[in-house]
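Sequences are here, hints too, so could you generate the full structure?
So the protein sequences, as listed, match chains W and H.
Taken in order, the first sequence gives residues 1 to 585; the numbers are from the UniProt record's numbering.
Taken in order, the second sequence gives residues 1 to 585; the numbers are from the UniProt record's numbering.
Simulated from the structure, these hints should not be mistaken for laboratory data.
There is no bait here: all hints are sound.
Copies of one chain are not kept apart here, so a pair can be met inside one copy or by any two copies together.
Within a straight-line C-alpha distance of at most 20 Å, the following computed PhoX-like cross-link-like pairs (lysine-lysine) qualify:
no., residue 1, residue 2
1, Lys433, Lys88
2, Lys130, Lys2
3, Lys33, Lys130
4, Lys355, Lys296
5, Lys126, Lys2
6, Lys345, Lys355
7, Lys130, Lys436
8, Lys327, Lys296
9, Lys317, Lys327
10, Lys433, Lys327
11, Lys12, Lys33
2 protein chains.
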Amino acid sequence: MKASQFFIATLKEAPADAEVVSHQLMMRAGMIKRLGAGIYNYMPMGLRVIRKVEAILREEMVRAGAVELLMPVVQPAELWQETGRFEKMGPELMRVKDRHERDFIIQPTSEEVVTDIARQELRSYKQLPKNFFHIQTKFRDERRPRFGVMRGREFTMKDAYSFDRDAEAAGRSYEQMFAAYLKIFDRLGLQYRAVAADTGAIGGDRSHEFQVIAETGEDAIVYCPTSDYAANIELAEALPLGPERAAPAEALAQVATPSTSSCADVAALLGLPIERTVKSLVLASDTLDETGHPVKTQLWLLLVRGDHELNEVKAGKVELPDGSGLKAGFRFATAAEIEAAFGSKPGSLGPVGVKGVKVVADRTVARMSDFVCGANVPEAHLRGVNWGRDLPEPDAVADLRNVVAGDPSPDGKGVLAIQRGIEVGHVFYLGTKYSKAMNATFLDETGKPRLFEMGCYGIGVTRILGAAIEQNHDGRGIVWPASIAPFQVAVCPIGYDRSEAVKAAADALHAELLAAGVDAILDDRGERPGAMFADWELIGVPQRVVLSDRGLKEGQVELQGRREAAATSCPVAEAAAQLRARLVA
Amino acid sequence: MKASQFFIATLKEAPADAEVVSHQLMMRAGMIKRLGAGIYNYMPMGLRVIRKVEAILREEMVRAGAVELLMPVVQPAELWQETGRFEKMGPELMRVKDRHERDFIIQPTSEEVVTDIARQELRSYKQLPKNFFHIQTKFRDERRPRFGVMRGREFTMKDAYSFDRDAEAAGRSYEQMFAAYLKIFDRLGLQYRAVAADTGAIGGDRSHEFQVIAETGEDAIVYCPTSDYAANIELAEALPLGPERAAPAEALAQVATPSTSSCADVAALLGLPIERTVKSLVLASDTLDETGHPVKTQLWLLLVRGDHELNEVKAGKVELPDGSGLKAGFRFATAAEIEAAFGSKPGSLGPVGVKGVKVVADRTVARMSDFVCGANVPEAHLRGVNWGRDLPEPDAVADLRNVVAGDPSPDGKGVLAIQRGIEVGHVFYLGTKYSKAMNATFLDETGKPRLFEMGCYGIGVTRILGAAIEQNHDGRGIVWPASIAPFQVAVCPIGYDRSEAVKAAADALHAELLAAGVDAILDDRGERPGAMFADWELIGVPQRVVLSDRGLKEGQVELQGRREAAATSCPVAEAAAQLRARLVA
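See the structure below:
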């Protein structure tokens with residue numbers, strides 16, 4: 001490709017609405033162009049990256065035994081009504097009526113359609129396992145689209161769906177996809193972690209997120225540097241800290257704590273470490289009647305150590321021995337509900353003397369003795385509080401908190417570290433959630449219909465661009481991994497329009513690179529060297545070769561990798577071979 | 001690819017709603033699967049054909065200097081309001097509101113978005129010419145979707161848009177695209193014609209349709225077998241038939257024509273050839289006030305020879321010397337309007353004695369003398385009618401009719417023939433229609449803003465599948481051109497699961513074909529030969545090679561092209577080479 005036949009449009013400044021570096025650099029490098037909120041034109045430079053990502057995904061999916069098809073963007077509502085998602089999903093599901101006033105949706109995902117295909121096409125156990133995938137445009141009407149392609153409304157995803165005869169076979173499909181994902185992210189040249197993720201309503205432990213490591217990531221991922229434990233923060237198990245609970249040593253005492261608004265304030269005022277304090281959070285669960293109106297509300301007091309944070313996903317799993325719990329959903333209690341139950345406002349709440357409220361202690365809190373908590377009296381706390389002596393044992397002890405760096409790893413093999421990540425892939429064991437809702441069955445050996453065991457496996461194609469840039473950039477621009485760079489080599493002649501020798505050498509080297517299968521672009525625009533180099537650094541092409549009259553007189557060209565501080569001279573005859581070697585390395 | 005790793009799902013019977021053979025065969029061959037009216041899943045077998053078509057389009061577009069980008073499916077209404085199409089287009093434009101009640105459309109085409117890109121990105125004459133294309137999902141909410149992928153609602157199109165500095169340069173871009181389209185349709189292996197088409201409101205002669213020849217085509221295409229004239233029926237010029245008008249020979253006479261309802265009936269009753277009769281058609285044009293209400297209606301009497309048919313596109317071009325005409329739009333007159341003006345009902349209308357109605361004669365009618373027409377009296381006609389003597393010369397003479405086979409070619413080089421075609425591509429010179437509406441300008445050498453001269457160039461990717469099948473099928477199924485067949489060769493071992501020798505030879509031949517770049521599928525399903533062969537004939541794979549124990553004992557395999565009646569023996573060692581040669585032939 002010659003630059004004059006392509007379309008290069010770099011900008012000095014990113015638009016003001018570009019908040020994150022990947023968005024800024026994609027705009028500046030002319031990869032995307034905003035059409036509306038969260039809706040982008042993929043310009044030629046950006047589309048080349050997308051196509052390279054897609055090609056890698058396609059190859060590895062087929063290698064792993066998946067079969068490509070293409071499901072529509074506009075899907076009839078009927079199937080989505082079968083699973084109830086047409087009603088249940090919020091406004092992020094874009095709904096549209098056709099000319100006959102029939103309901104349709106713009107697909108955000110395709111479980112319903114693929115399950116409909118399977119229940120018609122996969123009639124016998126002999127056809128299983130089967131894994132269908134497609135790479136398709138999706139739409140999610142995000143409330144606040146932002147960060148460019150990282151949280152857009154229209155985007156491209158690869159999604160695969162596996163159908164198996166039983167849970168064991170579904171487990172094998174899951175493992176195959178997991179292994180394919182490792183290959184894919186290796187080939188994409190990204191630093192990433194596969195982390196265990198919460199399975200929500202489906203249950204089980206079969207869900208992993210693939211997170212690209214980047215300081216700017218929205219997700220916190222937890223790992224153990226001395227073992228292979230990795231999970232996202234929602235799931236990562238927090239073991240109890242400290243030794244078994246000690247016997248009480250202090251007497252219970254109420255202390256005035258004016259003008260404190262946090263456990264840190266209280267600890268400072270009392271001259272105690274924050275690890276001696278307990279934080280109180282009040283949740284509410286409503287029992288609904290048949291029409292969906294609340295008929296009874298139960299308050300819950302959740303306790304975590306003063307320096308810890310409540311993990312709402314874990315809170316949602318709280319269950320008492322009597323079967324009651326927060327699994328059916330919860331909300332934060334209102335100020336009025338709290339005052340009615342505790343006789344005090346948030347800021348000095350605590351578990352001592354409370355009636356009619358279920359008390360759930362985090363594992364660490366259950367081990368504490370002589371601790372400090374709110375007194376349920378304005379601007380007052382209790383110190384020397386002890387379970388069993390000053391208040392009953394909690395109704396339940398549970399893992400309620402986010403882990404923090406330095407916590408023991410749940411596998412017992414070290415301590416946890418936390419880093420930021422961008423979720424670009426997800427593998428999920430679905431079980432029979434969709435096959436049951438849509439009565440999707442096959443006939444087994446005995447001729448009996450059985451529900452498919454399903455899995456789904458997504459990769460955000462366009463989001464990968466953003467994540468790759470968040471991970472790989474510097475002050476001059478993007479630094480693409482070679483496998484997905486829009487071009488692998490920029491051939492930069494100085495004086496292409498003036499010097500016959502430069503033109504001839506540049507044309508020859510360009511042709512030689514193309515013939516060797518290197519995706520090289522020849523910059524024949526006639527830009528000045530400074531502007532030309534700045535463009536290719538901004539765009540992030542991995543290797544650059546500069547040809548000039550002065551160098552060619554000595555038979556030399558200059559090679560420079562995007563991450564290298566300086567250029568290296570190289571005989572012109574060896575340039576193609578050296579560039580190929582650099583791209584493989 | 002092995003069949004067991006792919007997805008093959010053939011059907012004995014097509015569903016009842018499949019009216020045309022391409023729809024029936026695509027359903028039976030498992031290429032598509034209906035999801036809703038005009039909305040299909042592209043199953044693995046069909047998607048392979050789509051991808052091959054796309055690859056050819058992409059290659060030839062890039063070779064012709066076009067640059068690929070990707071514009072969104074969901075587009076903000078604002079741009080469509082700039083050109084007025086948001087309001088003007090009918091319900092085939094799918095409109096949707098987002099969660100903030102903002103208007104969007106699901107793109108049926110992308111002139112607005114690409115013009116918006118151009119007015120921002122192409123700022124200088126130095127950046128011209130530029131041609132952007134994309135291959136994208138489109139949606140048109142057809143009133144009556146049918147014929148499978150031929151008239152679906154969701155479909156894939158390649159569309160390109162050229163931007164030029166002036167009409168002359170735009171002409172060159174048009175010619176380049178025209179030439180690229182010839183290469184594309186040649187490579188697709190289709191019999192087609194490029195025919196001149198009407199340019200509607202844009203004017204000029206720069207519009208061509210690419211029509212795949214097929215008896216089942218919806219379009220009539222006109223061509224001259226002895227020259228290169230070709231046009232669609234809307235545009236093809238009808239020269240006047242017969243010699244210059246002869247002097248009157250008969251006296252005017254009213255004759256009773258009871259129970260006649262057509263010119264053919266009248267001619268038969270009078271014992272005259274139908275070529276002596278004239279058909280009367282009454283149109284109306286309304287003058288509207290500012291609010292769009294009609295304030296004045298003009299009736300028009302259009303006359304064509306009894307055996308000819310009115311061409312409504314041509315009628316829409318009628319213009320009188322005083323500037324009045326039908327260009328602003330027309331409708332057929334109502335029964336009441338006709339009775340008020342003519343004193344008679346349709347069936348015996350004619351131009352003699354009519355007042356207040358503009359009379360337009362087809363070129364052939366203007367040459368007729370002693371003709372027959374309605375008498376404006378129920379069940380009566382006039383014969384011996386002559387221009388000038390019995391009625392004034394017509395207000396205008398124009399080309400009003402469809403050509404018929406045997407008409408003289410407008411280029412004077414023979415007579416016209418008519419065949420049926422399926423429109424799969426269209427090139428169109430747009431001029432400044434969109435750039436003017438959207439004020440899309442660039443700066444010329446003098447720094448003055450000038451409007452882009454534009455062209456648009458579409459190819460219906462998914463429709464090509466249907467058209468290719470309409471043109472290439474037989475009683476056993478589809479006969480794909482080799483360039484777009486889902487697989488080029490089916491390797492069919494008999495007893496793959498029973499015979500070591502067959503399995504080894506089939507695996508080796510399959511591997512040899514793949515290594516040679518032949519897209520071969522190995523049918524390892526263990527089907528009986530009859531069912532296996534029927535599947536590949538239905539699916540339409542161009543070449544088949546059968547391996548059996550009996551043949552292998554003598555070192556032979558059997559080759560059979562999809563169009564061949566019988567198989568040919570071939571030494572197993574030569575099979576790969578012979579198959580390659582057959583695919584190129």
